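Novice: Two chains, each in its own frame: build the complex with the hints.
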Amino acid sequence: MILAKSVRHLYLALGTLALFIMILYPATAQQLTGKVVDKTNYSPLIGANVVWLGTAKGVSTDAAGNFTLQLSDAVSPHIIVSYLGYKPDTVDVSGKTAITIALSPTSSLREVVVEGQQTRYSALTPTNSQIITTRDLEKSACCNLAESFETNASVEVTTTDAVSGAKQIQMLGLDGAYTLLTTDNVPALRGLSTPYRLNYLSGTYIESIDIIKGMGSALNGYESISGQVNVKLKDPEKSERLYLNLYGNSLAKLDANLNVSAQVSPEWSTLLMLHSDHLGNRVDRNNDGFMDLALGTHHNVYNKWKYTHGNTWVSEFGVNALRETKLGGQMDYVKGEPIGPNQHYGTESETDRLSFYNKTSYTFPGKPYQSLGFISSAVHHKFNSIYGRRQYNGEQNTGDLRLIFQSIIGHTGHTYKVGASFLYDDYTERLEQSRLARTERVPGIFAEYIFNNSENLTVVAGARTDFHNLYGTVFTPRLNIKYDLTQNTIFRLAAGKGFRVANPISENTAALVSNRAFVFGEELEPEKAWNLGGSFTQYFELGGRPGAFITDYYYTTFQNQVVADMYTSASQIAFYNLQGRSFSRSFQAELQYEVLKGFDVKTAYKYYDVQTTYNGTTQQRPMIPQHRFFVNLGFATPFDKWRADLTTQYFGQMPLAYMESHGGATSARQSDAFYTLNGQVSRAFKRWELYLGGENLLNFRQPDAIRGADNPFGPAFDASMVWGPITGRVIYAGMRFKIE
Amino acid sequence: MKIFRNLSLALVMFFATISAQAQNGNEKTVQIKTSAVCGMCKKTLEKAMAYEKGVKASTLDVDSKMLSVTYDSKKTNEGKIRKAVNETGYDADDKPATPRAYNKLDDCCRKEAGAH
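First to last, the sequence lines map onto chains A and B. Under numbering that gives the first Met the number 0, the first sequence has 414 at position 415, and the numbering climbs by one with no breaks. Under numbering that gives the first Met the number 0, the second sequence has 53 at position 54, and the numbering climbs by one with no breaks.
For reference, chain B alone in the conformation it holds in the complex (with noise of 0.2 Å):
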């Protein structure tokens, strides 16, 4: 059991340095707080963000409805990623959602359905 231990702390270190060299300078994480309610709009706007063009990772914490973003700085912008949210349907900090692309979201995913 320890020396699993051991052996995982080490890949995880392993992986660490590497991704750390990866990095090159470009990589950049914003957080934006977003409009999503449920674990629907997670999986929505989780997909919509792999599509954009630039972004590395994305992850949405449903409770504090804060989305952070990891892009090449290189490829895309602070702005172009709130956009890309805002296409989805949700709001990206004071940036409203497109009103046809809100519309279009489940009944679920509405804001006024309110967290669940």
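Next up, chain A with everything else stripped away, as it sits in the complex (with noise of 0.2 Å):
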């Protein structure tokens, strides 16, 4: 049918063509000419593209706007031009020898929602990126970061301690502190914050979320090492009018969202949005005396605002400020217990975060390719929490400028970015008596290159180099090549540097929940690695509905890095700089396709090996499997009116620290395999939404998760092997009303 459909467009094509050389062969014209404007204002385009229809053959125009092509070139009579910040446009020119073309500019900050259903890998960029769209996120539980990835095979999401029950990401079998998060790309939720940080965003804030494997741009800061992940906030400018979330779930823990839009004039809109969490039920399904999960209240606030001049000035302000306490431990725990031989085992926490954040880009009038931009951004950071006898507080104070200029050289075949930027940060760690202090004062300056023949190579090359005021200069290259085989086979290849300064104790709190001592034999040096990788797509189409294969390696081997040692003695976790290698190898193939109109499938399967010297012996790192595997079903009858989804996940097996010298008990040193099932049910209406799910449906739980229970505050003690679920099953509902 397709190929039926080609060759008739061949054809088509070829006698149009043959007609269009008949009609100039006697005017003797061997060109065509022509100029590229401006539609608004008509000044010539500079470095346009003008490409034949359906060939590689095409020019730039020059310093006035003109154009000269061979008519030979020509496949059919159809011009493609194309320039930065302009709507591309295809022109017939049978019958002509000259022509004056004008486009139309772009509103530059205004995004595209991508709604598309096998649009989640992107054919676009040059990085290997993923879309989860607001379509993906109301497929899975509400109402945090975390719960967003459930249907993703790429980001796991795992549980840090059996008290907390906190979510962390991980990323090519990475911990989440070497992923980078921005928020509307401006870096978030960074240091002492990272372990709690899915719980600070609300589902409900989230428009869609760019996840990118392995080295990205190298623009937002040296951080990054095993990808980043950019969570676009609701707009202003688009958000629905109001916006109402509730949810309940079987441990009774409910939820709350509320957002509000308003367009306060022309220039300004503005979004308010507000999260409120609350868990006030003690449940201990597994019998250890322990709650499967820590008690807690969370409100958030978060408040947009946006200011759009013609189409030069485009500014965005936000505010954001949460609250979140927790209470964790044995069931019979109380508040502010005093510490006594009789007490009871239990963690609290007390979290307060102001932040805010500015963008503002200046677009040259007339030079739609050409802009600078200013990102601000301030963080306070502080929390107190006991665990157990331990008390553990601290403090961040950040502060974050970076100036980007854009432009071309030439034309827009050759793109440039260069900056600069400064970044503050402040740390002050207490852990009983020991105090961890720190003041980080770092300018840089940043350059990216972006080549693009317009037809089937990118090339992004990007350095940045940044003063340290502790660590000295740091320089931090990235590359990322794009390659289109064909329009549906491309290859991606991607490497770099990335350096970060370790925060030990906040990114290894699992282990406060626990016997061990943190043990600092040395002065830590900062992280630095390098990653390379690269992966392969393929779409497809098989019976008239879209597929894709994606396949990709990614190798990351450290320079150094902080080395939380669980191996080496029962009774420590040792912190000390990289002796020896350190590296992950982490390979994923991914296969999606729409079986039955309506009907999706996505499969993948996972290997990560992941090693690191621990004291002199190279062994894997405690707590990621080598196989994973992952299927999910999506359901959907025309128009999204019932949907119904279901996630399976295969976890092999994987090793666990040493504990075998517990109280003289032997203890596994590996977890069992497990499966893990999600489902959900959800029905449309015009402005109501119903839903219906489950976590954990085939009600696997970790056996012994919290290891020598029965005494806390014994030797034996330690809850921070988690490796599966803990709470089993748990059946949630809830409603979405929404007005446009």
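Note that these hints are calculated values from the structure, not bench results. Any given hint could be a false lead.
Covered stretches of chain B (chain A as the covering partner; in silico rule of three or more C-beta atoms under 8 Å from a C-beta of chain A) [unchecked claim]:
| hint | segment |
| --- | --- |
| 1 | 47-56 |
| 2 | 89-103 |
Anything over 10 Å on all C-beta distances counts as not near chain A; from chain B, calculated [claimed, not checked]:
| hint | residue |
| --- | --- |
| 3 | Glu26 |
| 4 | Gln30 |
| 5 | Ser67 |
| 6 | Glu77 |
| 7 | Asn85 |
Taking lysine to any residue and the SDA-like style, the derived pairs with C-alpha atoms no more than 20 Å apart in a straight line are [said to hold, decoys possible]:
| hint | chain 1 | residue 1 | chain 2 | residue 2 |
| --- | --- | --- | --- | --- |
| 8 | A | Lys640 | B | Ala56 |
| 9 | B | Lys103 | A | Gln618 |
| 10 | B | Lys41 | A | Arg134 |
| 11 | A | Lys640 | B | Thr58 |
| 12 | A | Lys237 | B | Lys46 |
| 13 | B | Lys103 | A | Ser264 |
In this text, all values refer to a predicted model and were calculated from it rather than measured experimentally. We put the beta carbon where it would ideally sit given N, CA and C, even for glycine.
Specialist: Here is the structure:
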């Protein structure tokens, strides 16, 4: 069918071409000359691409906007005219020898909302990117960022410890701390907030999520090593006027969200987003005397303002404030219980966070390819916490400034961005008697060059140099190459270096919920790693329905890493600089296909080999399975009136940190392999949507999630070895109400 | 091959009869000239129509910009359907789109993008 169609198109094209040549021949014109101008002011566009449709033969316009094409290169009497910042146009030039083409500018910061079905793997970006759309977000349980990744194969969500139940992300088998998290492309929730950060962004704040595997742009700083997760928050201009979401689950956790947006004036729009969740019910389904999930109350407010002035100025302001209190531990633990021989084991935490950001961009009039951007953000983050008899308090104050200039060299095939940044980071942590503090002041400069041959090759080469007040000059190169073998076959390559200063306590809070002592043997150096990887994407159509096959491989090797060693001693977690090797090899193959109209299948297999040298011996990092399997079935009736989703994941055996010497009892050194199953059904009406779902439907629970639970102050106590679900099956239901 | 064609013809006749019976006089069709310009507009409009009370079916012909909507005249009327089109961001005959809804459309769905 498709073949017949293309054959017909070919005949049609050949026919037209013959006609075209016949018409032109008597005029003896062998060339097509023309001019490309801006539709609004008729100023010439310099460096616009003009290509014969269906060929690679084309030219760029000169300083006066003029171009000349050879008619002999044409296969069809149409030309494609494109220019960065303008809408590309296909123009019929049959019978013409001279033509003027007027392009209309696209409004600069207005992003296209991708809501396609098989567009989850972008065909356009130079990096290996995936998009989680609003539609995907609605497939999983509400209401925080952690749950947003449930129907995605590339990002894993793991539980940090058996007492708090906090969730963390992993990419390429590496801890979430190695993934740069940005909101609207502004680095967010870094540093001390890393362990609980997924809780701090409600799912209802999110428009879509971009996941970039491997090395990304150098523009956002030197910290990303395994990848970048960019959360696009709702846009005040485009968001619903009212959005209400209510959720409750079988553990009696309640969640309420309200978004209100308004167009205040033609130039100003605003969006207020509120989130509250509360769990006040003590649940102990595995009868170990400990609450399966920490109790908590969390209030979160996000207010965004957007200012748009014509096509030149766009500015966005955002303020976010949150307060979270948590209480976990033994069922009988009471808040503020004094330390004593008969006390219960408990954990408490209180977090306050205030952040602000502004993004302002100025696009030069008549030069939509040239712009100046200024990004600033400030964060105050403070928490006090108690883990049994340990106290851990911390405070972080951060300021971040960035100025980016973007323009072209000659024409839009050569784009560049240059800029300067300044990062101020002030950390104070207190664990029991020891105090850790540091102040970082990091001015830096960066540049990125993008080459695009407007046909099949994109090269993004970037680098940054930062002048760190504590660790000297840091050079961070990054390279991304994308090559389209055909329109549907895409190769990508990514390589680069990352640098970050670890926060060993906050990145290992799980170990606080154990008897292990935190031991710092030496002065810890910053972490440095190289990451090299590539991906292959094949889009296809089978039986008239689209599909995609994606496979990728990434290799990360650390020059230095802050090793958290739980293997060497059962009573310690020792921190030291890497002596030896530390690497991660990750392989993933994924297949997406719409098997029947409205019935989507996603399957993925993942292999991880993550090893580190612990005290002289190189071994697998604990709690990372070598083999994983992922299947997601999605069903939707026309117009999404009914939707159903089922996701199953298989986790292979994982190595656990050494535990055999605990009180003479022998403990397993390997986890069990297990499956999880999540599902959801939703029904949409014009303004209402109802959903009902279940997490961990197979009711699999990790046996003995807490070691030595009967004697929590004894030497055998350890709640940090979590490799599986703690809570068992959870059923939830909720509703959404929208006014557009 | 011939048997198959006859069979399918019979089936089509069969369903045509059934749907004719189901109409029971309340079903009406209205043709609305819209400002839709692309395939994405077609998706958006047809989806919006599907969630309107009383609407049975709708199709947009992108080239002619004509939207035909089949509806139950007991549950809705032409005015309500036109209003729903406006609230999705498109003109309906002489009635202009709601500005807020129009501004929320993607660039490619805006009138000034031209038919493509």
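Novice: Each of the hints needs a verdict: does it hold here or not?
Specialist: Status of the hints after comparison with the structure:
| no. | hint | in the structure |
| --- | --- | --- |
| 1 | 47-56 | holds (count 4) |
| 2 | 89-103 | holds (count 4) |
| 3 | Glu26 | holds (19 Å) |
| 4 | Gln30 | holds (21 Å) |
| 5 | Ser67 | holds (17 Å) |
| 6 | Glu77 | holds (18 Å) |
| 7 | Asn85 | holds (12 Å) |
| 8 | A:Lys640 with B:Ala56 | holds (14 Å) |
| 9 | B:Lys103 with A:Gln618 | violated (54 Å) |
| 10 | B:Lys41 with A:Arg134 | holds (19 Å) |
| 11 | A:Lys640 with B:Thr58 | holds (17 Å) |
| 12 | A:Lys237 with B:Lys46 | holds (18 Å) |
| 13 | B:Lys103 with A:Ser264 | holds (16 Å) |
When held up to the earlier numbered hints, the structure conflicts with hint 9 and nothing else.
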